[in-house]
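Quick mapping for you: the protein sequence lines, in order, are chains R and A. Be aware that the first sequence starts at 123, since it is given in the numbering used here, and climbs by one per residue. Be aware that the second sequence starts at 48, since it is given in the numbering used here, and climbs by one per residue.
Do not take every clue at face value.
Claimed, not checked - Each computed DMTMM-like pair below joins lysine to aspartate or glutamate, with the alpha-carbon atoms no more than 25 Å apart:
| # | chain 1 | residue 1 | chain 2 | residue 2 |
| --- | --- | --- | --- | --- |
| 1 | R | Lys606 | A | Glu363 |
| 2 | A | Lys63 | R | Glu512 |
| 3 | A | Lys366 | R | Glu224 |
| 4 | R | Lys308 | A | Glu83 |
| 5 | R | Lys438 | A | Glu56 |
| 6 | R | Lys403 | A | Glu60 |
| 7 | R | Lys271 | A | Asp393 |
| 8 | A | Lys466 | A | Asp513 |
| 9 | A | Lys64 | A | Glu485 |
| 10 | A | Lys466 | A | Glu506 |
Keep in mind the hints are simulated off the structure, nothing from the lab. Predicted model, so just to flag it, every value in this text is computed and none were measured.
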Amino acid sequence: MRRFVSGLLLTSSQNRSSLSHHSSFRFFSSSSSSTSPLSTSDSPSSPSSPSSSSSSSSSSSSSSSAAMPSPVTLKTINPKVLECEYAVRGEIVTLAQRLQQELQEKPGSLPFDEILYCNIGNPQSLGQQPITFFREVLALCDHPALLDKSETQGLFSADAIERAWQILDQIPGRATGAYSHSQGIKGLRDAIAAGIEARDGFPSNPNDIFLTDGASPAVHMMMQLLTRSEKDGILCPIPQYPLYSASIVLHGGTLVPYYLDEATGWGLEVSELQKQLEDAKSKGITVRALVVINPGNPTGQVLSKDNQRDIVEFCKNEGLVLLADEVYQENVYVPDKKFHSFKKISRSLGYGEEDISVVSFQSVSKGYYGECGKRGGYMEVTGFGADVREQIYKVASVNLCSNISGQILASLVMSPPKVGDESYESYSMEKDGILLSLARRAKALEDALNSLEGVTCNKAEGAMYLFPRIHLPEKAIKAAEAAKTAPDAFYAHRLLNATGIVVVPGSGFGQVPGTWHFRCTILPQEDKIPAIVSRLTDFHKGFMDEFRG
Amino acid sequence: MSYKGLDYETLNENVKKVQYAVRGELYLRASELQKEGKKIIFTNVGNPHALGQKPLTFPRQVVALCQAPFLLDDPNVGLVFPADAIERAKHYLSYTSGGLGAYSDSRGLPGIRKEVAEFIERRDGYPSDPELIFLTDGASKGVMQILSTIIRGEKDGILVPVPQYPLYSAAIALFGGSLVPYFLEETANWGLDVNNLHSSVAQAHSKGITVRAMVIINPGNPTGQCLSEANLKEILHFCNQQNLVLLGDEVYQQNIYQDERPFISSRKVLMDMGPPISKELQLVSFHTVSKGYWGECGQRGGYFEMTNIPLETVDEIYKVASISLSPNVPGQIFLGLMVNPPKPGDISYLQFMRESKGILESLRRRAQIMTDGFNSCRNVVCNFTEGAMYSFPQIRLPPKAIEAAKKAGKVADVFYCLKLLEATGISTVPGSGFGQKEGVFHLRTTILPAEEDMPAIMESFKKFNDEFMEQYEDHRGYSRM
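Isolated chain R, as found in the complex (with noise of 0.2 Å):
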């Protein structure tokens, strides 16, 4: 056995250089007699993670007496894993978690009564109502048996009626409960192709369709297929959406950046694309694909046609698969933009299957529907050979199949009730009404913010973010450094602590070198932003008196 133990003991120390950027490990077993050298050298201490301390202390792995280490360690566990980040739950909300807390138990004691969450785009959390429509159809399939019964013509909306057994004819035995095809219910995929083609004026292919909880995993399965090893690039925004990153990081890959400009409203050039990727092959990257999120997160620009089109041509000269992160496609709040899918861009310009490979994301987590939740969305993969989209079919097939209340969602969101139908007077209601204020909360946010001294923010033409720039005294960049954070990080820290509201430090989303933002939803409701401007600009101005030089 001790042959085998020096040899698990081995592989730990050999990766324990990769790891030595965490300075402190527990160990499991710590209280030891062993004469293993990793648990002599290495002494106990306290948790590393901040979320630790929220955790409740669990005695089942308090203390050990074990004479070898233990299989499961920080430093025996996928290194990727350590590595990589996701800044929107990260730090600064394990914190707001904790203060929450504090104000349940303590109500008053701290100098705001509750916790205003802007740092996640989670439009529910903060009393945005569902689409009624969405939640009847919904309801009904989730219990069929209520469409025997006389009594729901009175509680449900005859279309909804209708269109629950619309779905339900679609699922074979019209078992929800079952799993389903691993790509999601075919007649579904069928609705959802009859949207992006009335959307877009091209056809699609519900065959190119693949239904998954979220666009999340659908970003992790196109990582996973891109990327061999840490010599297999992929272009991405900066700021990005830190899924980005983390995926990439997850599966082995390199992120090879591109900066957005922000002097021009998050301006993306090809220019630059192009710079970047010379820049990483020269460094032996292959790059295999490019990320573009439209409408951005966190920057909120929505691209025009002309940006759009010179991004498909790089995209097909340089041979790279377009990853289209499209969720926010409902989310243009400017009259003079509008949202084109990059698939119907590539058509446009006379682009087909064989020319470029084109992967567009959506979600039923934003727009105006915000049904987080539920964890709906789809890929549609389009310009991939038979072989390959097997490939993704039998990757998706591992995990059997997506939700189905979240399929059948996707379904409704790219097929919502049509004039004449008798829920699309409430239903379009409800749409605009969350549409347009949203579009109100992000002027007010935007106006707040440029009234700050030293902040400056672009328009959020859409998405659900804010992005701006403070630009921070000398002093206070030298007080995050003594605190051993970064400027953002420690902006966002005292912001929270003042007033209750959390953003995302911008050092989450990358940015350029020496400049500072944080992330901003906004998502609260319409009636709390003037208490969020004024407690924020209050804020804002004494951090500024406290630091400035």
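With the hints as your guide, set chain A onto chain R.
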């Protein structure tokens, strides 16, 4: 030559290596035949509702109300929904900040995790910590999350039973690890012999592989056996001695069809053993709403519970979970309902009991019909399905059949299963998809077709098998002689 971004030649090799037979060649052919209008009996996936099992009424009522919370304000809601379903819907909605439409904590709603912990405590007699319970979109996602945390590269090995549920082989291939097989003993009713484990580890070690974890599936998939307490103790000792994480796939814990060996969780056995092992051995247990008498596969609800995993590692697993934001909330509610079904005295209690008992008792009868049916066939031997949802008969293929399969470019059991499919519409999974000893052939079928269809299915199988054996057998001899 240069390739386009996603040409087959340029894909991640690990992706290409993955095999997942449950939805493989047989399933695709069956889908084709179905499209052509042939009646197909899908027994390839443990997917009860697809074969006509009706969902339990109470949970569906509760989730429908959570989907459409405006119904709760409708004065007529009581005409359609019982009071306890209405009350329960309000209870679950109170756990969330934005109903079913908001992301939850990435580990799942704290209220539901607490109910899961209470369920585990009632089941095992030992407290469970909700902070160490993560809810997932079905158990498969949980298994993948844990394996991706453990596996660093091809030198990391995972002990997996053979035959196994191919989720394990597929996930290990996808994450670039090494599968280290241990064989279950068919002649001992698919028993798990610890001596086999030792030799598997030794063999892996001689190849430079560090075995990191061991998977057990209890009750077994595809093999249907239930592990005894004594056997589980041996396994736990072995893992402790070898420094392995034990991954306990316990998704079939409600599916037990005999009385000698009721389900006992690995965690209970571990806790019964007491310290030091109960405080040392690292264990992750998996459960789901897809199996049992629930069979709610389409909801993608599940959880895993971690025992003796260091908190820093738990935090890393939390971080990775957070990248996918949260498991689906309706699935979480189903899980809450599963661990907390109606109680005596509740309005819906009697109906719930009637429905759930009806399903389990019927499954028990079907397990028996199927085992007996297979054992009455020429050149077929089959262990009794003690638990889970599958029958895994051995088909003793005559040499001529093996020859014919070779000519057709097929593995022999794939050949047999394809013929079975074409002749009868019964869609099974060949044993080679699960792993089996060299030269021995099986197929897996679920025991899920409706009870009233069962005799006809077994008869049509028998007829096909007779004809097949007649065609390929010179004189009545076994291929393994």
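Hint by hint, which ones does the structure fall short of? No hint contradicted; all consistent.
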